[in-house]
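Going line by line, the protein sequences match chains A and B.
Take 1 as the starting number for the first sequence in our numbering and just add one per residue.
Take 1001 as the starting number for the second sequence in our numbering and just add one per residue.
Treat the hints as calculated values from the structure; they're not laboratory data.
Some hints could be false.
[Unchecked claim] Simulated crosslink set (DSBU-like; lysine-lysine; CA at most 30 Å straight-line): (1) K164/A to K101/A; (2) K1258/B to K101/A; (3) K1258/B to K1414/B; (4) K1206/B to K1258/B; (5) K201/A to K1258/B; (6) K141/A to K164/A; (7) K1414/B to K101/A; (8) K164/A to K2/A; (9) K141/A to K2/A.
As the structure is a prediction and not an experimental result, all values here were calculated from the model.
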Amino acid sequence: MKILLIEDDREAAAYLIQALDEAGHVTHHAADGETGYAMASGMDYDVLIVDRMLPRRDGLSIVESLRAEGDKTPVLILSALGEVDDRVTGLRAGGDDYLTKPYAFTELLARVEVLARRSSPSEAATSYEVGGLSLDRLSRKVERDGEPILLQPREFRLLEYLMKNAGKVVTRTMLLENVWDYHFDPQTNVIDVHMSRLRSKIDKGYATPLLHTVRGAGYMIRD
Amino acid sequence: MSRFAQLWRTSTVRLTATFILIFSLFAILLLAFITWQSSVQIQQQQAKDIDREIAALQRLDATGGIRALAFALERISRAPGPGVYYLGDMTGQYLLGNVTDIPANVILEPGIYAFDYERANPLTDPPPSAGADKTGFAVVRSVVLNNGMRLVVGRDVVERRGFSAIIVQSFLLGVIGIILFSLIAGGITARRVLKRIDTIRDTSTKIMSGNLSERVPVTRRNDEFDGLATNLNAMLDRIEQLLQGLKQVTDNVAHDLKTPLTRLRNQAEAALRHGADDETRQQALETTIRESDRLIQTFNALLMIARAEAGAPSGTLTDIDVSAVVADVAELYGPVAEDEGILIQTSITEGVHLRANRELIGQAMVNLLENAVKYAKPQGDGEGRVTVGLRRHADRVLIEVADNGPGIPEEDRKRVLERFVRLEKSRSEPGSGLGLSLVDAVTRLMGGQFRIEDNAPGVRAVIDLPAL
């Protein structure tokens, strides 16, 4: 994946570039807003990671300009401002996701990988299939190897989100944001308990587990 | 800067001067009006008297003839007073009366005149001498009688002038008196008003110099100044309370953040220690990350509380379905509670809307449920139970989270809302001591009240919000 990182903190940028490289992504770096904007509009990237406060040009204005030009490259906004209204302004400016500093790299990586997928057409798919497990978004039916599985509405939405991002790590915060639509940190293991219930419904009694726990990061569904 | 200019700057002097100016202007106008009115009155009265006298003399002339008229005129001419009388023949030649030197045109042409004259009273006045200063000034009316004789009747107005002089004199006296009076009254009023302002200024000076416990004295008069003083005092109370809160928070932050920071540092040192194997290092680093995450959480909670306490930025409070939020969070915690052997029961009135911030209400509910699930652990052989309720009561919306745990002693119920306050019993439990502070701040942000009540046994936390 080709990523453009616009971040003025050299140390943070160096760490991110190295970590993204280890995760198999090519990362270009711009240290100020103007350069970042020039690079973003001049080259084709899969994901842009944009810091909100930048020298020479504000991160949000870069995103706004790109969107105004019809550039739909997914954007992850990084910011030290984490209040509800800050997030709202960030997303309103055209950002696709918003991550508050300080963050765990696993969280950033998971979000970047899920974002990149958005540009692919599977977004509009009406059904998903992973290793014999199928989910129909219209009839709201879930089956594994032809056997129907009964899920609670919330469990259905959890599975739907996981399957939409099959093969990618989704973090607990991402689940809380996308399934419950809340943006705070789940303090205890609330999400884990929901996941273990879901797992018992879709994996119990089958030889190959589909729902995997990724240590220190989150969950992933894959065959 | 001259001393006068300095003096003029003080409100006392300016206020007094304004008072005097207004008072005096008003008094002068009033007195002038009275003076003018009374002179007009006197003039009218005199004119009427003259008319009446002429009418009486004419009647006398008609009934009693010239003899009766002459006799009467002779008599009233001699009487002392301001009366002016003149009777002339058909050509105007003096016949009798107490004035002799009346201008010819006055005698010959009927009408009203005013002129200087010399009084000729055979009994009291010396005979007129030509060229002498004329001492009288008369207003007269001249008529022609039926038989062609000329009659002039009038009043000496020198006396009236004397009267005017008296009026002017008393007028001046009055003005001086009024100026003096308004000087005193204005001075007293201004000083009384300004003294109270000075009191407020003195108090604020003391406060500025660091004594925040000073208060503006409030009198029993209950006037505007007392209203102002009461408001100022309320403001000072609030500021003092905020400052105390700030101080307490600073102390607590210092204490409560130093502890995890120390642990963090210890872990990092452990990882660097000579002879540490890979596993120890791995563990130390993982602990380090966990500790820093907790620190970040604490910071976030502190910031959220600070933001909520600073008031809502416009646009963050919107019309939300609070029933849905409460139900969401109850559902989110259902499985966790169940794993702990606790049953969450809900009784939520559906479709209740509020002007609130969804995220903040959600976070508050999470904090309350975290606590409830943490403390509702079965005691002895009892069963842990948590109830989540939302109902409308008159114009309030009550959100309740209750457990049947050990509860909070009455004397601690206010204290646990303060930042970083953790009761002895809960010290062993994980937590930052910020959960309830956040709930309290969020509730107040939305114009409500947060209370902790006795659930007998256990805690009932009530978020009491104004309905939409």
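Hints, one by one, checked against the model:
1. K164/A to K101/A: holds, 27 Å
2. K1258/B to K101/A: This hinted pair holds, its Cα atoms lying about 21 Å apart.
3. K1258/B to K1414/B: holds, 26 Å
4. K1206/B to K1258/B: violated, 36 Å
5. K201/A to K1258/B: violated, 45 Å
6. K141/A to K164/A: holds, 15 Å
7. K1414/B to K101/A: violated, 34 Å
8. K164/A to K2/A: With Cα atoms ~21 Å apart, K164/A and K2/A stay inside 30 Å; holds.
9. K141/A to K2/A: The given pair, whose Cα atoms are some 36 Å apart, is violated under the 30 Å limit.
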